[in-house]
Structures are given as C-alpha cells and as structure tokens.
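Go ahead and model the full structure; you've got the sequences and the hints to work with.
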Amino acid sequence: MEALFYIFAFIAIFSALMVISMKNPLTSALYLVLCFFALAGFYVLLDMQFLAVMQILVYAGAIMVLVVLVIMLLNISRLNAVKTDFHQKIIGIVIAVVLFAEIVIYTVGGKTKKPTGIFTHAVINKIGNTQVIGQFLFTKYTLSFEIASILLFVAIIGAYLFAKKKL
Amino acid sequence: MNNYLIVAGIIFCIGALGVLMRKNLIIVFMSLELMFNAANLGFVAVSNRLNLISGDVFVIFVMVVAAAEAAVALGIIVAFYREKGTVDMDKANELKN
Amino acid sequence: MDFKTSITWLIPLFPLAGWLLWGLFGRYFKGFSGYLASAFIGISFILSVILFFIVAYSHGFTDTLYPWVHAGTLKVGVSAVIDRLSVIMLVMVTGVSTLVHIYSIGYMQDDKGFSRYFSFLNLFVFSMIMLVMSNNVLLLYVFWEAVGFCSYILIGFWYEKKSASDAGKKAFIVNRVGDFGFATGIFLLFMSTKTLNYEKIFAMVPTMPTLTVTVIALLLFAGAVGKSAQFPLHVWLPDAMEGPTPVSALIHAATMVTAGVYMIARFHVLFSYSHTASEVVLIVGTFTAFFAAFIALTQYDIKRIVAYSTVSQLGYMFMAVGIGSYTAGMFHLISHAIFKGLLFLTAGSVMHGLSGELDLRKMGGLYSKMKTTAITFIVGGLALSGIPPFSGFFSKDAILADVYNKGFYFAWVIGEITALMTAFYIFRLIFLAFFSESKVDKNLHVHESPKIMTVPMIIMAFFALTIGFLGIPPFNHSVFYNFLNVDFQNAKNFAPAVNGMPWYVLSSISVAAGLIGIYIAYLLYIKKAVDPEKIKTIFKPVYALSYNKVYIDEIYNFLIVKPLLVFFDFLWKVVDIKIIDGAVNGIAGAFGSFSVKARKIQNGMLMSYLLTISIGVAAVLFYYFIR
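Residue numbers (the working numbering), protein chains in the order written: chain R, 1146 to 1312; chain B, 16 to 112; chain P, 7 to 633.
For the record, the hints were derived by calculation from the structure and aren't laboratory data. Predicted model, so just to flag it, every value in this text is computed and none were measured. Beta carbons: idealized from backbone N, C-alpha and C, even for Gly. Treat the hints with care, since some could be wrong.
Taking lysine to aspartate or glutamate and the DMTMM-like style, the derived pairs with C-alpha atoms no more than 20 Å apart in a straight line are [unchecked claim]:
(1) R:K1309 to B:E84
(2) R:K1168 to B:D103
(3) P:K368 to P:E454
(4) R:K1234 to B:D105
(5) P:K368 to P:D447
(6) P:K603 to B:E109
(7) P:K81 to P:E205
(8) P:K606 to B:E109
(9) P:K498 to P:E205
(10) P:K542 to P:D365
Anything over 10 Å on all C-beta distances counts as not near chain B; from chain R, calculated [what the hints assert, rightly or not]:
(11) A1148
(12) L1149
(13) K1256
(14) N1270
(15) K1271
(16) G1273
Which chain R residues face chain P? A few, computed with CB under 7 Å, are given here [claimed, not checked]:
(17) I1240
(18) L1244
(19) E1247
(20) Y1251
Below is the structure:
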C-alpha cells in the first residue's frame, strides 16, 4: 500500500508539473487526464471507490473531453505559443512557494484531531461506500443536491449563451 | 494521512503556479482543475481520517460545480477566442472602466 | 363678541384682506385695486372713529382674539388694548393712510407695480394697526418688525434702481442695530417680570430695582432710536426718500417713525420710574432735533429737507416724552403726522408736476403754475414753523413750555434755536421752489396735479390748520390733555413744574423764533438783501459741515463699514477660500490623487487580478497560521 501511494504521488505530481509546463495545450490536457487517474488511485486507497469512478467518469471522461474538444475546435495548438514574462514567473513561483510553505506548516504543525465519526474502514466496507454516500446525499444533503441540480441547469443556459455566435 | 495532504498541497501549489505563470487561457483553466482536485483529495483524506462521510459527499458537490464551471468557462473561452482571435490572457484587459 | 370688540378686530381685518387680495389677485383688479384699497382703509378709518367715540364716552378695554402662545406659565394671546392712547393712534394712522391711499392712486398711476404697491401699503397699515393695538410685548415686537419690513420693501419699491434697493437695505440694517437692543430689552423684561402682558408688567414696575428698570428702558429706547431715526441711527431716514413719495409721507413721516414715540408713551410707567433713562431720551431727542435741523439748512433735495425735518420733529417728541410730558409728545405726534404727511404729499405733487425733479436749484416760480400745491405746502410749512393758528404752534409750544416749566432750560434754548432753524429751512424751500425766479427747464411742461392728489392735500391742509385747536386752552387744561392724560395716571412724576412762566410769554418767544426764521429766509431768497453765496463763503466750515450731513455717513463708513468690509474680506478670502474651501478641496483632492493612484490597480488585466487573489489567499492562510 505504501508503495502504491508513492507511485501514485509521483505520477500525480509529475503529470501536474507537465500540465503547467507543456507548450501545447493538447499535451497538457493529456497529462491532466493522467493526473486525474492518479488521483482516482488515491481515492481507491482511501476506500472511496465510488469517488474514484466518478473522478474518472466526470473529470477524465466528461470535462477533459470537453477541454480537448475546445482545443481542437479552436485549433489552439497551432497558434504561436504565448510568451510568459520573466517577472511574472518569479512572482508566480514566490507566491506558490509561500502557499506551499503555509500548507505544509499548517498540515504538519497543526493539531491532529481524533476521529469523531462512526464510518470506519470496516463500517464503510460493510455497507458499501456507494450506498453510504447515497444515503447522505438523499437525506442530510437533499437541499444541496437540489441546488446543485439548479446550478447545473444554470450552467447549461450560461454555456449556451456564451457559445452563441452573437453575444 | 499527512502525506496525502502534502501531496494535495503540492498539486494545489502547482495549479496555482500554472494559473499565475501561464497566459494560455486553456492551460489556466486546466490549472484551476488541478487546484480543484487537490482540494478534493484533501477532503477525502481528512474525511477518511476522521471516519466521516461529509467530506466525500462534498467532493461530489465540488465535481458538480467543476462540471458546471467547465461548461461555462469553456463557453467563455470560445466566445473570447471569437472576439479576440486568441486565448492570450493579456488580451483580457477590458475589466477596467 | 360684542359690538366694540367686533369693531376692534374689523379694523385690522380690512387692510389684511386688502393685502391678500391685491397681493394674490392684483392683476385681475388692474386699476381698481387702488380705489378698493382706499375704500378698505376708509372703512377701517370709519370704524376707528366709531371706536374712538365708544372709548371717549365709556372707557378702554382689552380683548383677546385667540390664544397664540401657551407654553408653561407663558401665555400670550393675540389681544388688543383699546384705551385713549391707542384709539387716538388708530384714528391718526387710518386717517392719514386713507388720504395717502387716495393720493397714491394719482401718484402711482401707470406704474407697473400698481397692485403690488397697494398690497404692500395695506400690509403696512395692517402691521401698524396691530402694533398700536397689541397689548403684549411679543405682539408689539412682531409688528414692530413687520412695519420695518414693510418700510424696507416700500423703500426698495423701485428695486431696479440700485440706489433704491441700497436705501432699503440700509434702512433694514440700521434698524437691526436698534432692534437688537429692543429684543434684548424684551428678554430682560421677561426675565425680570416673567410676563409679557403690559398691565402685569406695569403693575410690577414700581417694585423692580431702579437699575433693572433703567437698563430695560434704555434697551427699549435703542429700538425706538432705530425706528424713529434718532441720532446716531438717523442715517437711514433721509435715504429712505428713494421710495415713492406717498410712502415717505405715510411711513417715514406720519406713522412708522412715530412708533418709537408711541412705544415710549405706551411704556411710560417704565420710563417714568427711571430718571436716567428719561434723561437719556431727553438728551438724544434734544440733540437730534437741533442736529437734523442744522443739516436741513443747506440741503437742496426737497424730500431730504423734509426728511431731516422729520428727524428733527421726532427729536421734539422725544424731548417731550423724556421729561414725562407724554400728552404733549403725543399731541405733537398727531399734529406732526398731519402736517408732515401734508408736506410730503405736496412735495410729491411738486415732483409729479416737474417729472420727478427734486433739486431746489432747478425750481422756482412754481406758485403761479401749481397754486393748490403751493398754498397747501405753505400751510404745512407754517404749521411746521409753529406760527399760530396752525397746529404746529400748539403742539410744539406745548412741548417747549413743558420743557421750560420743568426746569430744563438748556433743552428749551436748544428747542427755540431749532424752531428758528426749522422756520428758516422750510421757508427757504418754499421761497426757492415757489417764489423766486424760475430755473425750471424750459422744455418741461409744469402742471398742477390731478384732483385725486390735490383733494387729499386740501383735506390734510384743513386738518393741519384746525387740529391744533385741541390744544386750547394752553398747558394742562387743553382738550387734548384732559382727554389723553387719563392714560398716563400711573406715571411717576419725577420732574414737577418748578415755576410757572405765563404761557403767553413762552408762546411769544416761540412765535418770534419762527417769524425770525421766516424773515431771514425772506431776506436771503426774496429780497436778496444778502447774497446766500456770500454767507456760504463766510461760514464755509459750518456750511460744509451742514451740507455734508455732518459727515455722519462718512464717519460710519470709515469706522464701521470699512473695518467690517476688511474683516469680511478677510473672512471671505482667507477663512472661507483658504481655510474652509482649502480643507474641503484638500480632502477631496487627497482622495482624488489617492484614487488616481488606486485606479491603476483596476487595470482590467485578468492576470493581475489573479495575482491579487493569490496574494490574498496566501495572506489569509498566513493569518490562520499565526493566530
């Protein structure tokens, strides 16, 4: 298990780095898909097979297909690569490092909480993780669920509006 | 558990770096997706550690928002490209006035 | 409401209604507003006469129309005191007003502000009636200011003329000085008596400390000095001649300017309990009488001569009330109102005939062309000079005799000298305007005024001739004295008669003074025994002093107006522009320049927004970290 974690971690970080450093957006998109797969692997390791499946279906399957579609539609890969300012790079790196330092300090230096819930590894495996999530989604989070559906509906209209020829 | 969070942090910072450094709107968008996913990983990891389900449910919602955001954002990018003939973020300078 | 109270309140109602009617609907009445306004005031006059007889054959009364201010223990009503003093004033005010209204129809004909003029005039009559009738200090003060306001709008009636509107402002501002004292006096009065009602105040006066009474009396007198144009606040009255002449006749000769005298007569209890205040009144009155007559000697503007004469005659009245001879003061007030109103109306008639000419040097020989005006003017002049049997003789003589008999010999001497000067300047005017050779512009068509103007003049001249007989027999036995003195019983007699010089001696001296004055004028301007120009050069400094009105305007200009202007200039240019505007603009400018810099944050670049967001996120995390 430890080994699997490190393999996934390596893949995720490497592909994430490739995403932001590739010149061609299409390459970046493919590395992003790889990164998503690695993340799905993390979810499996964390007993959330359902989420892993959703990750691949929604992200890698739906969103990334959309992105690749747009890249190909606009034929961006053949465009001249957009140059990046030097000082912008520096600022970006500084901020990213600061953020990272803060996250690490907060994670490592923060107090560790004791587990409070009842959903241990055994309980989840007994009920089945899909069913557990479903139970929560349709009982405690019904309202949020419905609002999410409205959000999706609004997004459909919004996307349609933006994509229209005449704004 | 901390390892997961640190990996999530690393991915998040890489995403932030991408947002700040790159000027291609599509890559910026993908970097944002990276940051989303880093956050998701954090949720799942903490949820697992504390024996809770709420974090996992929340990931579902994040995915919903990400999907909606992707649809709208890509719509904007297409419209932007149609308007300017490029996806260079430096051309996105009409927010003033 | 019984008969007499309804009459009482109908008297002010008619002018009030007139004011609203001509003021609001004047253009529908066109030329009729003049006739209707005269009729309204005429009705008020008839009602006043009826009220006069009611009071004369029964007794005075007070009546409250409605309660006005009810605050705690303070109760002020719109209420009238009708006694012999106020009915005499009412009859005088409404009577002179009626005649002036009728005269104005002719005088103001073809003026584009015809209805406006009558509206203001009615408002003035209303205010004056209320001022006379009011039985508490608050109401008195309100209408005291109201008549001042009417005076202001009527002086500046021809507001297109800068000099007219300036004169209006001057009158208003100078009056403010006096009214400040008046208001302070009222506050003090209320503080020390806790009431505003006349009767209650007068009942408390004998128990009050003398110092308080003196201070209050002096402060109230300051108001009277302003309103009645006494030295040193007389400067507005000559300038007030910028208004239409009937206004000068009504407001600045007959009624409003006498409000100060009336006020002191009304507050006689207060003044008689303060020896000091009364003496101040006497001194101011005596000095003003002499001083104004001295200025009038050399003026060439006929209206200004008559105006200074008004100031001088008001000085006589203050002399009278200053020595406690309230009836004598009131008698002179009434007779002066009539003959001075007459003089102004005739002066207006001269102006009318000469198309607005006021300069004596451009007149002369008018007698043959405007006989009615000339004769009525001479009647007025004789009355002013105190020649028997004209009214001025009786009233002025009553004052001078009282002054002598109460032992104020110096004031008496001044009064007699003033009488001489008065006779001289008014006959100088008469001789120069009506008798000496004509210097009128040949192209000018000199004409007599229409009947509507001459008839009021004739009526006034008749009364100027006859009203004086009320002063027979002389001194404290006259009809007028016996009638009015009833109201002055509460006055403390602080200056009893010391020696009884026979009345015929004193009268002879006065008449002699008047005749000498007339004779000098005759010598100078008709016989030309001595060339006036020669005298001018001999007494050059004195002449210049008189001709330039003792430089009072210049002194005020130098002492008060200039420093104030400098001070206000400082306030405007330094305090206002530099400090206040500077602070306001500075704050605005600071925000402005800051915003110009801050605007650069909003450069519209998506990139920089993202950068800012990231920095913010880092900062928030940092905050959580250090917390």
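Hints versus structure:
no.: 1; hint: R:K1309 to B:E84; result: holds (17 Å)
no.: 2; hint: R:K1168 to B:D103; result: holds (13 Å)
no.: 3; hint: P:K368 to P:E454; result: holds (17 Å)
no.: 4; hint: R:K1234 to B:D105; result: holds (14 Å)
no.: 5; hint: P:K368 to P:D447; result: holds (7 Å)
no.: 6; hint: P:K603 to B:E109; result: holds (19 Å)
no.: 7; hint: P:K81 to P:E205; result: holds (14 Å)
no.: 8; hint: P:K606 to B:E109; result: holds (13 Å)
no.: 9; hint: P:K498 to P:E205; result: holds (16 Å)
no.: 10; hint: P:K542 to P:D365; result: holds (18 Å)
no.: 11; hint: A1148; result: holds (13 Å)
no.: 12; hint: L1149; result: holds (12 Å)
no.: 13; hint: K1256; result: holds (12 Å)
no.: 14; hint: N1270; result: holds (13 Å)
no.: 15; hint: K1271; result: holds (13 Å)
no.: 16; hint: G1273; result: holds (12 Å)
no.: 17; hint: I1240; result: holds (5 Å)
no.: 18; hint: L1244; result: holds (5 Å)
no.: 19; hint: E1247; result: holds (4 Å)
no.: 20; hint: Y1251; result: holds (6 Å)
In summary, this structure violates none of the numbered hints.
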